[in-house]
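S.K.: Take a look at the letters that make up each chain.
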Amino acid sequence: MLILPLIFCLTTSAASKATTVEPGLPDKALHFGEKMYREGLLPSGEAMQAYVNGDTPAPGTSFTCISCHLRSGLGSIEGGINTPPTTGKYLFEKPEPINLTKYRHFDPSRPVYTDASFAAMLRGGVDPAGRVLNYVMPRYHLHDDDMAILIRYLKRLSSTFSPGVTEQELHLATVITEPGNAEAEFYYRALQTLIAQKNNMVKSFGKEPRKTRMAEAMLMSREAAFKRIVVKKWVLTGPPDTWRAQLEQHYRKEPVFALIGGFSAGSWQPVHQFSEEHQIPCLLPVTDFPVISDNDWYTLYFSKGLFQEGAAAARYLLRETDGHDRGAVIQIVDDTVSAKALRDGFNSVWDNGGATAARTILLTPGTSLQVIFQQNKGATFVCWTGNHALAKLSEALLAGYGLRHIASYGYLGSTIYSLPPKARSSLFITYPYRLPHQEKNYDAYVNSVSSVLHPSTPQQVRLLKQAYAVYQVLSQALIDLKGSYYRDALLDVIGMNMAPGMGMGLVLDTTFPLYERFSFGPGQRYASKGCYIVQLTDEKNPGLINRSDWVIH
Amino acid sequence: MALRIIPILLTLVMTAGSFTHASASDVKYKRSIESYTMPDVTLINQDGKKVRFRDMMASNRLIAVDFIFGTCTTICPVLSAGYANLQQRLGPDLNKVHLVSISIDPENDTPKVMKEYLKRYRAKPGWDFLTGSRNDIDAVMKAFDAYIPNKMAHYPLTLIRSSQNGSWVRLFGLLSSSEFLAECRKAGL
Chain A
1 MLILPLIFCL TTSAASKATT VEPGLPDKAL HFGEKMYREG LLPSGEAMQA YVNGDTPAPG
61 TSFTCISCHL RSGLGSIEGG INTPPTTGKY LFEKPEPINL TKYRHFDPSR PVYTDASFAA
121 MLRGGVDPAG RVLNYVMPRY HLHDDDMAIL IRYLKRLSST FSPGVTEQEL HLATVITEPG
181 NAEAEFYYRA LQTLIAQKNN MVKSFGKEPR KTRMAEAMLM SREAAFKRIV VKKWVLTGPP
241 DTWRAQLEQH YRKEPVFALI GGFSAGSWQP VHQFSEEHQI PCLLPVTDFP VISDNDWYTL
301 YFSKGLFQEG AAAARYLLRE TDGHDRGAVI QIVDDTVSAK ALRDGFNSVW DNGGATAART
361 ILLTPGTSLQ VIFQQNKGAT FVCWTGNHAL AKLSEALLAG YGLRHIASYG YLGSTIYSLP
421 PKARSSLFIT YPYRLPHQEK NYDAYVNSVS SVLHPSTPQQ VRLLKQAYAV YQVLSQALID
481 LKGSYYRDAL LDVIGMNMAP GMGMGLVLDT TFPLYERFSF GPGQRYASKG CYIVQLTDEK
541 NPGLINRSDW VIH
Chain B
1 MALRIIPILL TLVMTAGSFT HASASDVKYK RSIESYTMPD VTLINQDGKK VRFRDMMASN
61 RLIAVDFIFG TCTTICPVLS AGYANLQQRL GPDLNKVHLV SISIDPENDT PKVMKEYLKR
121 YRAKPGWDFL TGSRNDIDAV MKAFDAYIPN KMAHYPLTLI RSSQNGSWVR LFGLLSSSEF
181 LAECRKAGL
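One line per chain: the protein sequences are A and B, in this order. Our numbering numbers the first residue of the first sequence as 1 and each following residue consecutively. Our numbering numbers the first residue of the second sequence as 1 and each following residue consecutively.
Accuracy of the hints is not assured; some may be wrong.
Unchecked claim - Which bits of chain B does chain A cover? Going by a derived footprint, with three or more residues having C-beta under 8 Å, they are:
1. 55-69
2. 96-110
3. 150-156
By construction, these hints were calculated from the structure, which means they are not laboratory data. Here a beta-carbon is modelled for each residue, glycine too, at the ideal position from N, C-alpha and C.
All chains, please: the whole structure from these sequences, using the hints.
M.R.: Written as structure tokens, this is what we have:
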């Protein structure tokens, strides 16, 4: 007999630190219930006391409910442990078998919980059918008042579907902040093409019984096979401080389930904030400027963008010069958001690296780059300068002023290949993608779109691959969601399944274009954690040689 | 199509396994005596310091090793609560045991993430959390016959190195804190 493993509460994750009150939480008791459920903290502020695995005491802050039952309360499978849902519907209403995926269902086979039998179970580990819960489910020593608060929260948890879902359609939106920007338009067309291909599959599944059966068998979800995806385009115009009002207006008109993709050549912060406050998932926007946060929950990024390149540069320098005289390290930062994001990433690592402070020079219109180079011969120059300064950088490289120079591919782009061969030996470049000669093997992944859109530049190929990644992550998440249209559940399933080698379809880190080991995990919000440090080869059309691992520790 | 079928089958097998294991609560853990050869790799600890893994594993202290990651759910917290409680129960014998946790998500587990993780479990000195390059971490997992290519499909495993003869006790499954302490005593504590 399968012993009901009602595992309740284990560790905390980064996500559990979020302390915002849900909009719509009607009273303080629910807010306290949320803190107990997500953070393992009692209304008094103390940790809930838990006993795990028989006799092992543990503070509730290291074992929170969401660790296993997840934020949505729909449960999980991980590490050989199958965790059932803990929503009010599952616990306190007539227990019916729940199909969470085609191969993961729960038949509670027990009387419905009352508040009293639930409290007894949580304290003593025995359910109303007299069965002992799985040993990894902690037993909680809670007073009656605190117990009542938690029960009230659970009864409300994932009780109604999130907006944006109808019988036949799932409504999503893509936020584009640059009207008329050719890259944004190309990217949006790529995303629409992939979604249209999916919707065409839906049409054909419905028509032919054989294909219908196949779709159900293969996709493990009627939902994924038969629901049409509608992606609205939300275009934001004007300066970023006016975007929030525009987003609110779009959302009132079209209350979508989630935001997918998205494109901004500048800031993403206002959209990030909007997602966070309305608790709307936003999957993988294309931006160089993700919001860097350990605790925010609702936006999933490809990477930390330029910040990540800056951090990789600092890690590389620290590691390469470990135990040696570092000499002077001079960071040259031009007056752009790109350069400042690179600088912030660099400083986030360098300032904690135990090395002497790096000198930072902010380039202003009157400052001569050449003079900086000449006056600091023998230094390591970290050059966060744009294409306008490429000629000056090239001169400095040829003159050999610096011991070594670091520049960013994400900022300079492919113009960096134009540097003359003699300028390349002391130049190290942060490169946030898989190396080009290996990436070629992944071009075929986007054949179905490139045959329609005919990308003509490396940038367009990259945008196609990013659209493909958005589509893959979304498809896999919808399969795993199995019709449970709760926004938190969408993020839960991505966190639990988007791991290397996991699961189905093509969502494997080694088969993802652009990035090495593209993967989320519980509470993780930046899929790509790496960035190579590369050098240019001597050829006329130079290749790249990596001088570091993908992830530098 | 074939591309989709194989991973689905894999998932099926993994899921079926999950059910079996979760229900087998009468046998809590499996125990065997093993001999392992440590790879000569350099890993990074929670303070960002380099650690020669082979040297660390050759110490005279009793050593326990497990495999976890910073954002892990379900079993890592149970393993880590076990480590934390062992440290508490050791009292004056704290420095006789070296607890080592090895990251199976080295891309995400930076020294900062690992340090915060240890803090969450109120780790005392003598508990190290190690990360490193993917290749080096793979080498360590393989050396312990514990290769876990996918962090979301890992399993609870604790290894204890005897301070008397250097042999390893392999414990597959989750141990209560009394069982963990008893295993440490058997290994020479």
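S.K.: Are the hints correct? Go through all of them and say.
M.R.: Taking the hints in turn, this is what the structure says about them:
{"no.": "1", "hint": "55-69", "verdict": "violated (count 1)"}
{"no.": "2", "hint": "96-110", "verdict": "holds (count 5)"}
{"no.": "3", "hint": "150-156", "verdict": "holds (count 7)"}
Of the numbered hints given earlier, the model fails hint 1 alone.
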